[in-house]
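Assemble the whole structure, with the sequences as input and the hints as a guide.
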Amino acid sequence: MRLRMMFVGDSMTIGRAGDYTWRYRMWQHLGDSCEIVGPRTELYESSSAYGDPAFPAGARRHLSGWGKGWQHMAPVIRETAAAHRADLLLVSLGLIDLGFYTDAEQTALHARRFLTEAREANPHIRAVLLPVIPNIRAETDAPFAAEVSHFNVLLAKTLADLDEPRSPLLLASRPETYDIHTDTYDGTHPNDSGERKLAGAFADALHQGWGIGPAAGATLRRPGPPPRPRQ
Numbered sequence: 002m003r004l005r006m007m008f009v010g011d012s013m014t015i016g017r018a019g020d021y022t023w024r025y026r027m028w029q030h031l032g033d034s035c036e037i038v039g040p041r042t043e044l045y046e047s048s049s050a051y052g053d054p055a056f057p058a059g060a061r062r063h064l065s066g067w068g069k070g071w072q073h074m075a076p077v078i079r080e081t082a083a084a085h086r087a088d089l090l091l092v093s094l095g096l097i098d099l100g101f102y103t104d105a106e107q108t109a110l111h112a113r114r115f116l117t118e119a120r121e122a123n124p125h126i127r128a129v130l131l132p133v134i135p136n137i138r139a140e141t142d143a144p145f146a147a148e149v150s151h152f153n154v155l156l157a158k159t160l161a162d163l164d165e166p167r168s169p170l171l172l173a174s175r176p177e178t179y180d181i182h183t184d185t186y187d188g189t190h191p192n193d194s195g196e197r198k199l200a201g202a203f204a205d206a207l208h209q210g211w212g213i214g215p216a217a218g219a220t221l222r223r224p225g226p227p228p229r230p231r232q
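For the sequence shown, the working numbering gives the first residue as 2, with consecutive numbering after it.
Read the hints as simulated data drawn from the structure, not as lab findings.
Keep in mind the model is a prediction, meaning the values are calculated, not measured.
Here a beta-carbon is modelled for each residue, glycine too, at the ideal position from N, C-alpha and C.
There may be inaccurate statements among the hints.
As the list claims (entries may be wrong) - Simulated restraints on C-beta separations:
no.	residue 1	residue 2	range
1	59	125	17 to 27 Å
2	166	77	21 to 31 Å
3	104	76	16 to 26 Å
So this is what it looks like as structure tokens:
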């Protein structure tokens, strides 16, 4: 039986009109090894204009939203994971929390609640979490950069504390070559190369940690087609 995988994230995950999204890159990479589940299929502002119009509707499913963070997802993950029978969560959250809503300590508490609630839906659920990648704001806002760094330390500690054999948790590694000046279109949101690198981080964690799918390899590291004009 294929694992039922759910993407959980903020604007970097949902994407906007013209984006392929890193979700799309993961779907391409994993093929039929996982079934993608979730309550939504749209991009930001309910757009359906993905970079590849042939992206299947079933593979577009996710739980992500523009401006959403850990504090928004923690209250809904139990119900959503149960309704869609999720076995595996790929999570990229935290930047929006630290930028607008909560400090590192509060954000870590929301992350802990999220994982606890997910396990209420499925005691055997697995999760791979990506550390927060500082965006362009961190280059000029030292306190914000410090909060991002502190949260990433707390996130690693949270996963180490909560990890258990029946419901294992993995912390993905930030892509070593990820550069906000070349891998994003605005200092925050991933462009074509950024999408591939984010997907590659999750792909390598899944492969190395649990033998799910191949390593990122050439599938996610080769250049892709030029992005569509944004609408």
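Each hint, compared with the structure:
1. 59 with 125: 17 to 27 Å: 23 Å, holds
2. 166 with 77: 21 to 31 Å: 27 Å, holds
3. 104 with 76: 16 to 26 Å: 19 Å, holds
Of the numbered hints given earlier, the model fails none.
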